[in-house]
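Novice: Model the full structure from these sequences, guided by the hints.
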Amino acid sequence: MGHPDAGRRAAILYSIIVSCLRHGKDPAAYLRDVLTRLPAMTNQDDLGALTPHRWQPAAPSAS
Numbered sequence: 002m003g004h005p006d007a008g009r010r011a012a013i014l015y016s017i018i019v020s021c022l023r024h025g026k027d028p029a030a031y032l033r034d035v036l037t038r039l040p041a042m043t044n045q046d047d048l049g050a051l052t053p054h055r056w057q058p059a060a061p062s063a064s
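Here my numbering is used: the first residue of the sequence shown is 2, the next is one more, and so on.
What the hints contain is simulated information worked out from the structure, not anything from laboratory work. Note that the Cβ used here is the ideal one computed from N, Cα and C, for glycine as well. Hints are supplied without guarantee of correctness; some may be wrong.
[Stated by the list, open to error] Pair ranges (Cβ atoms, derived):
id : residue 1 : residue 2 : range
1  : Arg10     : Asp46     : 22 to 30 Å
2  : Asn44     : Ala7      : 29 to 37 Å
3  : Ile17     : Ala60     : 19 to 27 Å
4  : Ala7      : Ala59     : 28 to 36 Å
Specialist: This is the structure:
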């Protein structure tokens with residue numbers, strides 16, 4: 002019933018959500034922002050800024 006990796010994937014997602022909550026971050030806003038920013042990132046050293054502990058929302062672009 003279901004994919005063999007489903008439990009592991011769910012555990013990762015739940016860990017991210019709980020980490021956001023513990024650090025006072027909105028999990029939906031965090032995931033939306035990080036999943037938008039990740040494809041453009043080219044430097045692995047910048048990934049630390051995307052952990053729930055250090056994450057700050059991207060500044061809105063001037064349009």
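Novice: Evaluate the given range 29 to 37 Å for the C-beta pair formed by Asn44 and Ala7.
Specialist: Given a distance of about 32 Å, which is inside 29 to 37 Å, the answer is holds.
Novice: Quick one: are Ala7 and Ala59 within 28 to 36 Å, going by C-beta?
Specialist: Roughly 31 Å apart at Cβ, these two residues keep to the hinted range, so it holds.
Novice: Can you let me know if the beta-carbon spacing of Ile17 and Ala60 is within 19 to 27 Å?
Specialist: At 22 Å between Cβs, range holds.
Novice: Given the hint of 22 to 30 Å, is the C-beta distance from Arg10 to Asp46 inside that range or not?
Specialist: holds, 26 Å
This entry satisfies every hint, going by the numbered hints stated previously.
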